[in-house]
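K.L.:
Chain residues, written in single-letter form:
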Amino acid sequence: MFKFIVFRILSVLVTVYIAMTTVFFGIRLAPGDPAQLLAGQQTQEDVKRARQFLGLDAPIYIQYLKFLRGVIRGDLGVSALTRRSVSEEIVRCIPATFTLLAASMVLTAVLGVPAGVVCALMPGTVWDFLIMLLVVGALSVPNFWLGMLMIELFSVRLGWLPSFGFSGLKTAIMPAIAVAARQVAVTTRMTRVSMLEVLGEDYLKVALAKGLGTWSVVLKHGLRNALLPVITSLGLQAGFLLGGSIVIEVLFAWPGIGQLLINAITMRDYNLIQGITIVYVGGFLLIMLFMDLCYALVDPRIHYE
Amino acid sequence: MNKKIMHHKRLMYKLLKYKSIIIGGLILLAYIFLVTFGPLIASQGPDEQNLLATLQPPSRIHPFGTDELGRDMLSRLIHGARYSFLITLVSVAAAAFIGIPTGLIAGYKGGVLEAMLVRIVDFILTFPPLVLAILAVTIFGFGLRGLILAIIVSFFPTIARLAYIVTRSMRERDFILAAQALGAGDLRILLHHIFPNIAGPLLVEISLRAGQAVLTTTALGFLGLGVAPPTPEWGVIMARGKDFLFIAPHIVMTTGIVISLSVLGFNLFADGLRDMLDPKMRRIGWRLG
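Chains as they are written, first to last, in the working numbering: chain A, 1 to 305; chain B, 306 to 594.
The shape of chain A in the complex, shown without the other chains (with noise of 0.2 Å):
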């Protein structure tokens, strides 16, 4: 277990070694200039202070051992867009869009594992067509117009719920909504079929000739099997989550990583896009790391070597 672990986190820094790496000299090769962008409508002279300042004038090849003798020493570089250092700016924002992300898996679990069981217990009923209704109508909504017809309906028209900024929990139920929306709607779906399929297997018709109870049978022995393959696909839809937490960060004014991003893009301030990059792969895959000891904790005849 020990040395798996290992294994997998030196996997993950090399896998974000070469991600930021590649991020590094592609949005040096991308269009833009963050020098003349910095210096605004200013004089040459300016734009070369500028360059300067931010260090572009050396070649890309000293740029890139200077970047990577940073990041060795923890060191991110500075922000060209506010001046302080990549690592503060991150952590800064770390809060915001953590709350985001763990409310959303909160709800995830709690809307779509039950929301799945129900329709597997009663396949072809009128609340399975319903629940699945709203499955396929949630994966097929912009993450970003549900979140504003969240807007329209509770901040404007009933006034329950402040309509963006992050100041608190009462202020992270939209924001979480539109980004679980998806996550839930794929877990309700997986959790039906998988359970689906466990509830046809032998050993459960066993169990309950055995005497146990209903609801002993349906949990204990039913959901447990069927969890597994939902573990897998809960690691694998993270992305999205990080993904689309982007743009409800962006719609929310919830002041996370994703805006932070959009706004480095925008200034193509060049050290924080790489910051941002290494937390959103390095998150991502330790997210993935985290599903697969969950996998062998819910599965016994999981032992990894």
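What the hints contain is simulated information worked out from the structure, not anything from laboratory work. Ideal placement from N, C-alpha and C gives every residue a C-beta, glycine not left out. Possibly wrong hints are sitting among the right ones.
Sample of chain B residues with no beta-carbon within 10 Å of chain A, all distances over it, derived [unchecked claim]:
1) 341
2) 357
3) 374
4) 398
5) 421
6) 430
7) 445
8) 470
9) 475
10) 505
11) 581
Ranges of calculated distance between the beta carbons of each label pair, as one might list FRET restraints [as the list claims (entries may be wrong)]:
12) A/200 / B/502: 24 to 30 Å
13) B/487 / A/301: 40 to 46 Å
14) B/363 / A/49: 51 to 57 Å
15) B/548 / A/203: 57 to 63 Å
16) B/548 / A/68: 40 to 46 Å
17) A/201 / B/480: 30 to 36 Å
18) B/348 / A/298: 54 to 60 Å
19) B/394 / A/31: 40 to 46 Å
20) A/5 / B/360: 53 to 59 Å
We have chain A already, so just place chain B on it with the hints.
P.N.:
What follows is chain B alone, placed relative to chain A:
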């Protein structure tokens, strides 16, 4: 001849049984009709302004209302459909065109090619989907070309991986070995024996990807990273409409419905197709999931 008719009859019967294919297909056909004959149906040009009639709610003259410059929303959305479907069609077709052959060859041939493909695809998929599209569009440049390239880059890995996995599972099957023993060349085996067997799942995947492409395009447009205003792209219209959400919600409402319906069309089509191809799922309840 008789057999052929029987086969077609059975296929039609099957199709009718899977209502989601029909509904999804009809929705998509409606959009294709709009995209083709759009300019004839739209009452105004997408950029025709009328500053005397701004932010009007839906009426008989403007069924979807007008936006902040008095442009007819229905006309703009119809023209927007052309952008969305052009981007989707080109990028998903290109992604399939790159992904399917690489997956097929890597899965069939194995060796270095297989190792390389798996590495590349796994690497690209370590970026969360939208993050990948955002970074790619930044690197390729904003605008139509960059947008299409970004979607190709983010979508070809999953298509290639699917083609690879299914092909690999088929590599050792008896009918392939038999074809090899009879002296069939690699190209013949790939095209005549393997491809027909994996075409179904690939079609499902491509249809799902097309829906995703519409969503990605609008998301990038909404973030201001796609095509630039005043192009009537759906995401761009949404981004402008957001500023008028409080006083003229109809802009956002109509645009959202138009986007969602098109994605729904692709999703339903894919779902129905999957059910039809997977006989195991046939006994299970409603066909909508």
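K.L.:
Next step is simple, just say for each hint if it's right about the structure.
P.N.:
Here is how each hint holds up against the structure:
no.	hint	verdict
1	341	holds, 23 Å
2	357	holds, 27 Å
3	374	holds, 20 Å
4	398	holds, 21 Å
5	421	holds, 14 Å
6	430	violated, 8 Å
7	445	violated, 7 Å
8	470	holds, 14 Å
9	475	holds, 23 Å
10	505	holds, 18 Å
11	581	holds, 16 Å
12	A/200 / B/502: 24 to 30 Å	holds, 27 Å
13	B/487 / A/301: 40 to 46 Å	holds, 42 Å
14	B/363 / A/49: 51 to 57 Å	holds, 54 Å
15	B/548 / A/203: 57 to 63 Å	holds, 58 Å
16	B/548 / A/68: 40 to 46 Å	holds, 42 Å
17	A/201 / B/480: 30 to 36 Å	holds, 31 Å
18	B/348 / A/298: 54 to 60 Å	holds, 58 Å
19	B/394 / A/31: 40 to 46 Å	violated, 25 Å
20	A/5 / B/360: 53 to 59 Å	holds, 57 Å
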